[in-house]
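K.L.:
Top line first, the protein sequences correspond to chains R and E.
Under my numbering, think of the first position of the first sequence as 1, with each following residue one higher.
Under my numbering, think of the first position of the second sequence as 1, with each following residue one higher.
Derived by calculation from the structure, the hints in this document are not laboratory data.
One or more of the hints may lead you astray.
Some chain R residues near chain E, calculated using beta-carbon distances under 7 Å [to be verified]:
#	residue
1	GLY63
2	GLY118
3	ALA178
4	TYR182
5	THR235
The calculated label-pair distances, taken between Cβ atoms and stated as ranges, are [claimed, not checked]:
#	chain 1	residue 1	chain 2	residue 2	range
6	E	GLU31	R	GLN7	18 to 26 Å
7	E	LYS115	R	ASP214	41 to 49 Å
8	R	SER111	E	GLY136	49 to 57 Å
9	R	ASP196	E	SER41	56 to 64 Å
10	R	ASP196	E	ASN94	34 to 42 Å
11	E	SER73	R	THR21	37 to 45 Å
By construction, the Cβ of each residue, glycine as well, lies at the ideal position given by its N, Cα and C atoms.
Number of protein chains: 2
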Amino acid sequence: MPRAKYQSIYQDLKAKIEDSTYESGELLPSENVLITQYDCSRNTVRRAIASLAEDGYVQSMHGIGVRVIYQPSAQTSFIMGGIESFSESAERNNRKPGTRVLQLTTLTVDSRMSKRTGFPEGEEVWFLQRVRYLDGRPLILDLNMFLTRLVPGLTPEIAEHSVYEYIENVLGMTIVTAKRSYTVERITELDEKWLDLGSYNCMAVITGQVYNADGIMFEYTQSRHRPDYFSFHDTAFRKKR
Amino acid sequence: MPRAKYQSIYQDLKAKIEDSTYESGELLPSENVLITQYDCSRNTVRRAIASLAEDGYVQSMHGIGVRVIYQPSAQTSFIMGGIESFSESAERNNRKPGTRVLQLTTLTVDSRMSKRTGFPEGEEVWFLQRVRYLDGRPLILDLNMFLTRLVPGLTPEIAEHSVYEYIENVLGMTIVTAKRSYTVERITELDEKWLDLGSYNCMAVITGQVYNADGIMFEYTQSRHRPDYFSFHDTAFRKKR
DNA sequence: ACGGCAAATTTGTTTAAACAAGTTTCGGCT
DNA sequence: AGCCGAAACTTGTTTAAACAAATTTGCCGT
Chain R
1 MPRAKYQSIY QDLKAKIEDS TYESGELLPS ENVLITQYDC SRNTVRRAIA SLAEDGYVQS
61 MHGIGVRVIY QPSAQTSFIM GGIESFSESA ERNNRKPGTR VLQLTTLTVD SRMSKRTGFP
121 EGEEVWFLQR VRYLDGRPLI LDLNMFLTRL VPGLTPEIAE HSVYEYIENV LGMTIVTAKR
181 SYTVERITEL DEKWLDLGSY NCMAVITGQV YNADGIMFEY TQSRHRPDYF SFHDTAFRKK
241 R
Chain E
1 MPRAKYQSIY QDLKAKIEDS TYESGELLPS ENVLITQYDC SRNTVRRAIA SLAEDGYVQS
61 MHGIGVRVIY QPSAQTSFIM GGIESFSESA ERNNRKPGTR VLQLTTLTVD SRMSKRTGFP
121 EGEEVWFLQR VRYLDGRPLI LDLNMFLTRL VPGLTPEIAE HSVYEYIENV LGMTIVTAKR
181 SYTVERITEL DEKWLDLGSY NCMAVITGQV YNADGIMFEY TQSRHRPDYF SFHDTAFRKK
241 R
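Kindly produce the complete structure, drawing on both the sequences and the hints.
P.N.:
Below is the structure:
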């Protein structure tokens with residue numbers, strides 16, 4: 001349950017849009033109506049609406065109202081979302097996850113790797129490589145690097161289960177922000193060796209840096225997906241000059 | 001120039017982060033300091049900071065301060081951004097754009113197309129197909145569908161130049177929101193016929209719906225990019241339960 | 001019937017204030 | 001010296017109020 005009032009209003013409105021209490025193309029009740037409905041101030045309502053707009057659920061129109069523009073999407077491929085562990089993503093996509101650990105070692109970041117990952121030169125990091133299974137088929141190749149200083153005590157058993165669960169629940173570290181880059185790259189020998197690629201000669205590749213609550217980047221990650229098991233959704237806004 | 005005060009504070013802070021006036025890893029001046037610096041209220045400062053966090057420039061830490069987490073990225077491939085015309089994207093990526101119109105006709109949306117695009121069945125739309133050139137090489141295949149009702153008078157000349165410029169400056173329509181989906185698909189015969197593909201057998205595909213200021217979806221678009229000329233950046237946040 | 005203007009309604013921006021909650025600092029007490 | 005707690009400082013949430021700006025409504029007069 002969300003602790004902040006604007007978050008519960010956000011979730012309530014979101015649910016009502018998803019179950020067509022407020023239908024696509026229609027206007028939401030005006031801010032004044034929502035204020036009395038939720039017994040709160042105008043700022044609080046507006047904050048909830050701003051979050052819905054960020055999600056692409058509504059669009060505000062000056063002097064008119066707030067239009068619902070939500071369209072349910074047919075779920076076919078594996079949809080990447082916010083910051084999630086592989087198990088969380090698999091569950092959200094209604095697929096059965098599996099993991100095989102290929103490598104778990106430590107190494108020291110040299111200048112070439114520093115440039116690529118963003119880790120400071122000389123830091124010691126875990127180097128973790130895993131094959132991810134969806135419904136029994138090897139489809140994703142994951143590479144993770146964690147600062148050993150902030151993520152001590154990694155074991156193959158943890159890597160096979162969930163590193164994020166270990167980080168959050170055992171180490172007590174809070175994961176906050178992830179910056180990601182989405183590209184398409186040629187397959188490598190490792191892809192071919194471990195994955196079920198069909199006839200694809202490309203992979204959908206997500207590389208990212210993850211920051212903790214102290215604003216320290218503690219993880220570099222690269223996730224290589226077979227093309228037909230990948231999709232990502234986004235909402236953008238036209239920049240006004 | 002931005003009309004709102006929080007926007008100019010946002011841009012000022014953003015510029016100071018990019019030119020290392022505020023360095024990565026350091027804290028921004030506290031809200032109270034910024035309030036006196038910019039002579040505004042706390043809400044206005046906080047709104048600017050929230051925008052920077054959305055962009056992945058900073059991360060707020062309760063009770064501590066706001067940490068700068070900006071890292072300049074080496075620009076190699078063609079970076080997709082917000083809602084932009086092809087010419088705008090090309091300019092931002094320092095490449096010379098070119099366009100060849102393959103087809104411009106009207107057609108009526110049937111049930112199959114309605115399901116795929118999200119347009120209502122029976123609506124009349126423009127069907128526009130174009131090859132996009134970057135520095136003289138054919139690398140992107142664009143498909144656009146516009147509601148003829150809202151975008152009347154399209155011509156091949158406009159399509160070769162900039163449809164968005166026509167929509168905004170001639171028709172006076174305001175473009176607001178775009179919902180996009182990023183996938184990787186096998187190449188088609190059309191890709192092979194018109195583009196310089198090298199040995200790739202996949203394309204980075206962006207499909208999207210674009211909404212105007214009335215919250216009406218007026219455009220469906222599909223943009224097929226050669227893999228090495230595509231990248232997309234995003235910032236995500238860990239959802240707290 | 002029509003045009004025009006004022007009023008009402010809507011969202012957008014900004015200020016001010018209060019309290020909550022997390023962190024650091026520092027002084028006083030044992 | 002070391003521990004404890006209060007004070008100071010930080011960001012997070014909420015309320016209230018005022019004005020601006022865009023749109024719609026409705027009334028009034030011609």
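K.L.:
Would you pick out the hints that fail for this structure and give their numbers low to high?
P.N.:
Hint check: 1 and 8 fail, others pass.
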